[in-house]
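Protein chains: 2
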Amino acid sequence: MGEDFIQTVLFQLFVIIVMVEVARMVCNKAKIPTVIGEILVGIIIANTILFDFLSIESHPDVFHVLKELGVIFLLFTVGLETPFSSIRKVGKTAIFVAVFGVIIPFIVGYIFMMFALGPEKQLEALFVGAAMVATSVGITARVIKDMDLMQTVESRVIIGAAVIDDILGMIVLAVVVGIASGGSLDIIQVAAVSIQAVIFVLAIIFIGSLVLPKMVKNREDKRNREDKKGRVVCTADRRRYTIGPLPLALIVCFALSSISAFLDLAAIIGAFLAGMAFAEFKDKWPCEEKIEPIAEFLTPFFFVFVGIEVSLAAFGEMSVLVLAGMITLLAVITKFGGCGLGAKNLGSKSAAIIGVGMVPRGEVGLIVASIGLTMKDPVTGLGIIEPGLYNAIVFMSLVTTLIAPPLLTYTFRRKLGMKCELVPPNVE
Amino acid sequence: MGEDFIQTVLFQLFVIIVMVEVARMVCNKAKIPTVIGEILVGIIIANTILFDFLSIESHPDVFHVLKELGVIFLLFTVGLETPFSSIRKVGKTAIFVAVFGVIIPFIVGYIFMMFALGPEKQLEALFVGAAMVATSVGITARVIKDMDLMQTVESRVIIGAAVIDDILGMIVLAVVVGIASGGSLDIIQVAAVSIQAVIFVLAIIFIGSLVLPKMVKNREDKRNREDKKGRVVCTADRRRYTIGPLPLALIVCFALSSISAFLDLAAIIGAFLAGMAFAEFKDKWPCEEKIEPIAEFLTPFFFVFVGIEVSLAAFGEMSVLVLAGMITLLAVITKFGGCGLGAKNLGSKSAAIIGVGMVPRGEVGLIVASIGLTMKDPVTGLGIIEPGLYNAIVFMSLVTTLIAPPLLTYTFRRKLGMKCELVPPNVE
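If you read the sequences in order, they're chains A and B. According to the numbering used here, the first sequence is numbered sequentially starting from 13. According to the numbering used here, the second sequence is numbered sequentially starting from 13.
Be a bit skeptical, because a hint or two may be false.
Note: identical chains are not told apart, hence a pair may lie in one copy or across any two.
For lysine-lysine, the following DSBU-like pairs were computed, each having C-alpha atoms within a straight-line distance of at most 30 Å [as the list claims (entries may be wrong)]:
{"#": "1", "residue 1": "K157", "residue 2": "K294"}
{"#": "2", "residue 1": "K41", "residue 2": "K296"}
{"#": "3", "residue 1": "K157", "residue 2": "K296"}
{"#": "4", "residue 1": "K226", "residue 2": "K41"}
{"#": "5", "residue 1": "K41", "residue 2": "K229"}
{"#": "6", "residue 1": "K226", "residue 2": "K101"}
{"#": "7", "residue 1": "K229", "residue 2": "K427"}
{"#": "8", "residue 1": "K101", "residue 2": "K361"}
{"#": "9", "residue 1": "K41", "residue 2": "K294"}
{"#": "10", "residue 1": "K356", "residue 2": "K133"}
{"#": "11", "residue 1": "K388", "residue 2": "K41"}
{"#": "12", "residue 1": "K104", "residue 2": "K41"}
{"#": "13", "residue 1": "K361", "residue 2": "K226"}
These aren't lab readings, by the way, just hints derived from the structure by calculation. Every value quoted in this text rests on a predicted model; they were computed, and no experiment measured them.
Full structure from sequences and hints, please.
Quick look at the structure:
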């Protein structure tokens, strides 16, 4: 009958929405970004009686999809506020930031793990390095959006670098997976992933700057023709059907997300590029006010479920805790240093903002870790990453995610000399 | 890793959204309600290579939830346009429409099946009667919304009657399930379901007319106090946190839907009542423009998945086809006659609109049928409803759903003398 199932899911959604609202209220009182409250809601659910009470694990598919839709719509709205032209202006700096921010964490992470685990654990060390690479732009984008600072140079560099970083991160992951599965470096695979990524981004820029404006113009022409007739009645008889603002935005968003996922890039890269494609002419194509409420509804599920994946019990062992602490420290220092180095031409205060903004690893680190957990070592037949190390990487993803918002707020305020608080999205 | 899963779901969503948009375009050309196009998209997917190509069955939970969220948000927006006061005005007529519209189809359906199947199939006959009872207000509400006719007396009677009808339908279902499982009529169960339903509706009216207006006033007071200070800076320092329009709407909507589902009423009854609670003061509490886009995104999934549940291959057998035809004919005539009889004081043209508006059985008939399919007969140990009869009920649900929109359009036009076409929701 399935009604019990729906009943459970509706109740889960209800409890989560209420908890998120309470958390936002508390965060607002404590003057910390509301996104932290949302992640903490997840951690509270995962590590208390609520987890069983809500039977969170009974329908993993549902929450997996809600989480993914949440981050896709978030990245689409972030893309909407990032016209191509603005990325082009900061393009060179963004490339430097991304490249240094990928190379330094990877090399340092790899070398550290080789020392910590011994030279026979080379595959494990490679995976830790890869997990330290990819920035999760979701958290940073959210903080920047909450502070209403999307228009600053630093924000654009961060977002631009995060896109390039994601592509580089996927190439690193492909290389590492290639070494782990084949036992040696598969040049063809690396080249294929790289070429796909470049073609994809170029194709989107083409669509964004050529095809979409034509569709918009087409629609405007039709409208104007009708207005001249002066017939604004409740009839649609001779009016030709034109696609609405929301359907076109959804189609482009899901098309690019799907393609992105098929190319083994993260789906959110496609969503972000789709948003960017609409950013150039969002005044003429009013999809923003339609997409925003959908994002407002779904995005909290992403952050709550980032929190739900954290098991505090896993940190009972001392060795896990030390390892986790070391990996986290290195992840912060190398990303901050690498990205700051790449952005040093913007001045030290801006470089600090960008360095901090690139720190959160979020779900990307977790994806790398879980691949390492499930892949088998060709020699030993065991998982490449052992559970203790997996917990350490989860810890690193979480801490880098939790420390970034307050540091980002602090560095932005220092640069802009602002007194202003973070305004949560639902306070008008 | 789960990425393949997300990849599949995103691609499924993409294909569905594109097909829906194409179907809307075709419906607009053919001047039929776009909702039919959405159901046909589902039927096409279910009965072609697309079903396997999209691997629709790989994640049933996901689509079950998307479908349910779609109809919940739809009913919320319908509720938003139905203030309590307007229902009160048509209350008496709505009650007559609902009561006659429940009793006549149930008795006629039961008697017909007793003749068709023989007296030893009493349980099966009871289930068919129950499946013929409950109106699916979703389809009708959508057609009325598309025609922008929510403000008419007929629409309010239909919506009001559909709410009462759903409650009565659930009571009938509870009685039938009680007879089937216990072998005899359980008066206590019937009484419990009835009392719960009444208390629930009264509680919502209390919240709608007392608690919510206070919250809204509270928020307005705070706002005014701030405006007087004349400080509209980017700061939130001394501003106290007030809940936003969308979160409150979502909390109330999911709270009532959950309660509704727990009481074994359909979840959509709660969503509808939640919308009604906000309808009285939606000018002061701007949640409509936030909920509408979410409904626009999710609602098509409901109708597409109503279509996907239809298997055309099941109608190869002649006996199934005849049975399906008879049941459908009776379902249409008895509901039209019963509801029309209840509304005869409004005049024949209005009674015809209301009779037609109550015809679609949609998902409610399907739920009853699937309960009958899975419940075991206490004597024979087999399913109470056999697969052939199940297909006939599915057919009945579908046909009553498909014929209602054009008939509703026709009867409304005849009454209002309008020339206006159905304006699909995304044509401005």
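Evaluation of the provided hints:
no.: 1; hint: K157 / K294; in the structure: both (17 Å within a copy, 27 Å between copies)
no.: 2; hint: K41 / K296; in the structure: between (38 Å within a copy, 26 Å between copies)
no.: 3; hint: K157 / K296; in the structure: both (22 Å within a copy, 26 Å between copies)
no.: 4; hint: K226 / K41; in the structure: between (47 Å within a copy, 23 Å between copies)
no.: 5; hint: K41 / K229; in the structure: between (47 Å within a copy, 22 Å between copies)
no.: 6; hint: K226 / K101; in the structure: within (24 Å within a copy, 51 Å between copies)
no.: 7; hint: K229 / K427; in the structure: neither (41 Å within a copy, 40 Å between copies)
no.: 8; hint: K101 / K361; in the structure: within (19 Å within a copy, 66 Å between copies)
no.: 9; hint: K41 / K294; in the structure: between (34 Å within a copy, 28 Å between copies)
no.: 10; hint: K356 / K133; in the structure: neither (36 Å within a copy, 83 Å between copies)
no.: 11; hint: K388 / K41; in the structure: neither (48 Å within a copy, 56 Å between copies)
no.: 12; hint: K104 / K41; in the structure: neither (40 Å within a copy, 49 Å between copies)
no.: 13; hint: K361 / K226; in the structure: neither (41 Å within a copy, 47 Å between copies)
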